[in-house]
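On the provided structure of chain A, position chain B as indicated by the hints.
Residues per chain are reported as follows:
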Amino acid sequence: MTPFLSQIVILLLVATSTGILLARKWRWLIAFLSAQYAGVFLLALQHLPLGMATVKVIAGWMGAAILGMTHSSLEEERPETLPQGRFFRLVAAGIVLLIAGTGAPFVDSLMANAGMIVSAGGMLLIGMGLIHLGVTDQPLRVTIGLMTVLAGFEVLYAAVENSILVAALLATITLGLALTGSYLMIASAKEENQAETI
Amino acid sequence: MNAPTIWILTPAIFAILLMPLRNQRALSLIGGVFTVLLAVAAQFVPMEQALRLGTLSLRIESSLNILGRQLVINPQEGPLLALIYGATSLWFFGAEASKSALRFVPLGLLVTALMVASIAVEPFLFAALFIETAVLLAVPLVTSIDKPPGKGIIRFLIYQTLAMPCILTSGWLLAGVEASPGNLTLAAQSAAVLGLGFAFLLAVFPLYNWIPMLLEESPPFTVGFLLWILPTATLVFGVGFIDRYSWLRTSPQFVTALRFSGLLMLATGGLWAAFQNHIGRIMAYGSIAETGFALLALSLDSRVGIPILFLLFPARALGLAVWSLALTILKERSKSMRFSDVRGMLRIAPIAGAGLALASLSTSGFPLLGGFPARLALWDALARVSLTGAFWMGVGVISLFAASFRMLAVLSMADEYAGWEANENWLQALMLGLGIIGLFILGLFPQAVQFFLADLPAMFEHLGQ
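For the record, the sequence lines run as chains A and B.
Counting with the numbering used here, you get residues 63 to 260 for the letters of the first sequence.
Counting with the numbering used here, you get residues 12 to 476 for the letters of the second sequence.
Derived from the structure by calculation, the hints contain no laboratory data.
Among the hints, a few may not be true.
As the list claims (entries may be wrong) - No more than 30 Å apart at the CA atoms, straight line, and that leaves these computed lysine-lysine pairs for DSSO-like:
#1 B:K158 to A:K87
#2 B:K162 to B:K346
#3 B:K158 to B:K346
#4 B:K110 to B:K342
#5 B:K110 to B:K346
#6 A:K252 to A:K87
#7 B:K158 to B:K110
#8 B:K162 to B:K342
#9 B:K342 to B:K158
#10 B:K110 to B:K162
#11 B:K342 to A:K252
#12 A:K87 to B:K162
#13 B:K158 to A:K252
#14 A:K252 to B:K110
#15 B:K346 to A:K252
#16 A:K252 to B:K162
What the hints assert, rightly or not - Derived contacts from chain B toward chain A, CB cut-off under 8 Å, selection only:
#17 L179
#18 L195
#19 D312
#20 W390
#21 D391
As the list claims (entries may be wrong) - Chain A is nowhere near these chain B residues, computed Cβ spacing over 10 Å in every case:
#22 S155
#23 P159
#24 F416
#25 P457
These numbers were taken from a predicted model, which means no experiment stands behind them.
Cβ coordinates follow ideal geometry from the N, Cα and C atoms, glycine included.
Bound conformation, chain A alone (with noise of 0.2 Å):
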């Protein structure tokens, strides 16, 4: 990969990593979602062919889409009143950027040199997806941030395990996420739903 297309790579998981901690609607959330899956498939594409990178790509926009299925059929749209402390929120993801920029040496070292595009972009999704879980218990903000996390490790993995089985679990894994997020998601609108009646 070129200099500058790491950068460009880097730059849009930053971009779409701290629009997952600080977006309001949900529309753009999974937006936010789906572009950082791109950025997944270049870092992944490092160190994968491109049929197994594409499955990872593939694997997070279906999750996306079925996240947004469900969301969107679930109620109108309303004002959101979550997230709150936006700023925050900026200092935290601010925070994972520097480590994950600082740490990314280290990372590269300990994970056979997998690069320190790679390195960093992995620690920057994982940071903000751990920084995301631990914001928030609404199911469909949890699940994108296990989302994150999970991308963000499956970016260093790639560089030290290509074997089709775990790319296929993980893709599994992935979906499986999506769909449990749903579950839950559907299932708090009942309460929505009950509250509403009361």
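Just chain B now, with coordinates in the frame of chain A:
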């Protein structure tokens, strides 16, 4: 014909076929009988040997190639499969009594097949992927689409999912440690990542807060099943890790860490249980303490610790099955599982009350009950290597006893003139009765299960010697 097809793929396909069935009794019976057959076959049908059936000659191979990797079930693992499927059959037979068979049997069978796959997969660290898939299936198992999910299930999903990257990364790092054993920094890093992964998977202190939450918000029977199958398979997977890496086996720091985590889980689980006013949360802390016992067994010399670890498994399975079924029955008849609502329930549901008390006492290690032999052996072995450890184990056990007796006192605090009436139906009474008898048999005749357990340590190349 090969073993992974029989004990992994067939149950998984069978589970999918069971999904459209809408009859509780049929599901419970079919699931129970099917798993009993799998257990019997695992115990008695020889693998890697020609089996003559009249003119037919069958040979069950131990491995199956799948996407470039292998699922391998060695002949030594037969008794473990018998134990897993045998215990699963207990839950399935009890599913009708708990009125949860519709989702529980198909999903439970699928989860069990995946956990067996996690034990069978080669390279073994890919087990984390199968465990994660089982975790994802467990979400619809313990929640209902008609009821909003609580915080417990969300935390369960997060913690168990975070375990997978840690385990897979540690597998990669451990391979590096094997290649350069002198690299202490790498060894420390890999041990830290491995420890974190297993702390998430086994819900080690303080990552176990989802368990009491889950038992408050979800059906106790299905949660009980999860609290049995997940730690059991994870522990076998963990022992595989220890067996595989010699530096891990011989590291004194690793033994100390295991012992410390076990004691922490046992002591905190016991103490927290003693101060709860909710019978579901008491079961949650009881299961946490059970994992503590298992970690303590792992911290001992493998010649003593591994047999004790396997001796803990049947008592845990039976104890949790009886406990969760009794809880389900009591929950049906009271507003909630708080002490204020279950007061005096022993007179309304005496068999369920007795089951609850006896299962909880068995977990505490009460003499004559299933948990006693393993705990006695564990305490004895621990006292030989660490008196401080034995003291803290005593604190945990006494606290568990306190929780059991508090629960028993609350259940028996009925109004003076309240009469006795058994409100359990015949099936519930039968299942609980058999479970209680089983707890006594395990306590009085622990050698009865040696039939399954004696050869189990042989499945580990180094630890089993």
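Here is how each hint holds up against the structure:
For the proposed pair B:K158 and A:K87, the alpha carbon gap of about 25 Å is at most 30 Å, so the pair holds. For the hint pairing B:K162 with B:K346, the CA-to-CA distance comes to about 21 Å; that is within 30 Å, so the pair holds. With a CA separation close to 17 Å, the supplied pair B:K158 and B:K346 stays within the 30 Å bound. For the proposed pair B:K110 and B:K342, the alpha carbon gap of about 12 Å is at most 30 Å, so the pair holds.
Proposed proximity of B:K110 and B:K346 is supported: the alpha carbons are some 18 Å apart, at most 30 Å. Note on A:K252 and A:K87: the hinted pairing holds, with a Cα-Cα distance of about 20 Å set against a maximum of 30 Å. For the suggested pair B:K158 and B:K110, the alpha carbons sit about 17 Å apart, so the restraint of at most 30 Å is met. In summary, the hint linking B:K162 to B:K342 is supported, as the alpha carbons are separated by about 20 Å, within the 30 Å threshold.
Restraint check for B:K342 and B:K158: satisfied, since their Cα atoms lie roughly 16 Å apart, inside the 30 Å limit. With a CA separation close to 24 Å, the supplied pair B:K110 and B:K162 stays within the 30 Å bound. A C-alpha spacing of about 23 Å is found between B:K342 and A:K252, which places the hinted pair at or below 30 Å, so the restraint holds. Between A:K87 and B:K162, the direct Cα distance comes to roughly 23 Å. Compliance with the 30 Å bound is thereby established for this hinted pair.
Between B:K158 and A:K252 the CA atoms are separated by roughly 7 Å; this keeps the pair inside 30 Å, and the hint holds. Restraint check for A:K252 and B:K110: the C-alpha separation of about 22 Å stays at or below 30 Å, so the hint holds. Between B:K346 and A:K252 the alpha-carbon distance is near 22 Å, which keeps this suggested pair within the 30 Å criterion. For the hint linking A:K252 to B:K162, the alpha-carbon distance of about 16 Å falls within 30 Å, and the restraint holds.
A distance limit of 8 Å between C-beta atoms decides the matter here; for B:L179 the minimum to chain A is near 6 Å, and the interface restraint holds. Taking 8 Å as the C-beta cut-off, the interface hint given for B:L195 is violated, the closest approach to chain A being about 15 Å. With its C-beta approaching chain A no nearer than about 33 Å, B:D312 sits outside the 8 Å limit, and its interface hint is violated. Nearest Cβ of chain A to the Cβ of B:W390: about 39 Å, over the 8 Å cut. The hint is violated.
At a threshold of 8 Å, the smallest CB-CB gap from B:D391 to chain A is about 42 Å, leaving the interface hint violated. A cut-off of 10 Å between C-beta atoms contradicts the statement that B:S155 is not in contact with chain A; the least separation is 7 Å. Against chain A, the non-interface label of B:P159 is violated: not every CB pair exceeds 10 Å, the least being about 3 Å. Remark: the non-interface label on B:F416 is consistent with the geometry, its nearest Cβ contact in chain A lying 36 Å away (cut-off 10 Å).
Every CB of chain A is more than 10 Å from the CB of B:P457 (nearest about 39 Å), matching its label as outside the interface.
Of the numbered hints stated above, those contradicted by the structure are hints 18, 19, 20, 21, 22, 23, listed in ascending order.
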